[in-house]
Amino acid sequence: MECYPPQNRGPQDSVSVRIVKRIAAHEGVDPIDLSPPLYTAIDPDALNSLFEPPISGSGRAGRVTFTYRGHTVIVENAEDIAITIKEHSPSHDERDTALSQER
Numbered sequence: 001m002e003c004y005p006p007q008n009r010g011p012q013d014s015v016s017v018r019i020v021k022r023i024a025a026h027e028g029v030d031p032i033d034l035s036p037p038l039y040t041a042i043d044p045d046a047l048n049s050l051f052e053p054p055i056s057g058s059g060r061a062g063r064v065t066f067t068y069r070g071h072t073v074i075v076e077n078a079e080d081i082a083i084t085i086k087e088h089s090p091s092h093d094e095r096d097t098a099l100s101q102e103r
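Numbering (UniProt numbering), first residue to last: 1 to 103.
It is worth saying that the hints were derived from the structure and are not from the lab. Quick caveat: nothing in here was measured; it's all calculated off a predicted structure. Each hint should be verified, as a subset may be incorrect.
To be verified - Distance ranges between label pairs, derived from CB positions:
| id | residue 1 | residue 2 | range |
| --- | --- | --- | --- |
| 1 | Ser56 | Ala25 | 27 to 37 Å |
| 2 | Phe66 | Asp13 | 12 to 22 Å |
| 3 | Val64 | Glu27 | 13 to 23 Å |
| 4 | Ile55 | Glu87 | 31 to 41 Å |
| 5 | Pro54 | Asp13 | 13 to 23 Å |
| 6 | Thr65 | Ala25 | 16 to 26 Å |
| 7 | Ser49 | Ala82 | 13 to 23 Å |
| 8 | Ala25 | Thr67 | 17 to 27 Å |
| 9 | Gly28 | Ser56 | 38 to 48 Å |
| 10 | Ile55 | Lys86 | 25 to 35 Å |
Built from N, CA and C at the ideal position, the CB exists for glycine as well.
Let the sequences and hints guide you as you build the complete structure.
In structure tokens:
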């Protein structure tokens, strides 16, 4: 499991872009080479909207967890955004479903 602490970011680094960059770094590949694209796992625009700074200036708090490229990705926002990436191990139900679909 890798946890990436909050960090300063440029205006072009949305949450979805940061996730793609971190998954690529974790896997040792170029972000352009990630396939399938992030949008196959989660709506990047919706994710960015959830974690963009509010207009009022007061902080937002929240957490989103999803699976992408065999990793569980956890995005949390308390005072700043932290992204955690850990290897995904499917539950028994997911494994059973996958086996059922192969038959």
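Hint-by-hint comparison with the structure:
1. Under the hint 27 to 37 Å, the C-beta atoms of Ser56 and Ala25, about 33 Å apart, fit the expected range.
2. Taken as a hint, the range 12 to 22 Å holds for the pair Phe66 and Asp13, whose Cβ atoms sit roughly 19 Å apart.
3. Between Val64 and Glu27 the Cβ separation comes to about 21 Å, which falls inside the hinted range of 13 to 23 Å.
4. Between Ile55 and Glu87 the beta carbons are some 37 Å apart, a value that agrees with the proposed interval 31 to 41 Å.
5. Between Pro54 and Asp13 the C-beta distance comes to about 18 Å, which sits within the given range of 13 to 23 Å.
6. For Thr65 paired with Ala25, a C-beta distance near 20 Å keeps the hint of 16 to 26 Å intact.
7. Judged by the Cβ atoms, the range 13 to 23 Å given for Ser49 and Ala82 holds: they are separated by roughly 18 Å.
8. Roughly 18 Å separates the CB atoms of Ala25 and Thr67, a value that falls within the hinted 17 to 27 Å.
9. The hinted window of 38 to 48 Å between Gly28 and Ser56 holds, with their beta carbons roughly 40 Å apart.
10. In this structure the hint that Ile55 and Lys86 lie 25 to 35 Å apart at CB holds, the actual value being about 33 Å.
Hint check: no violations occur; every hint is consistent with the structure.
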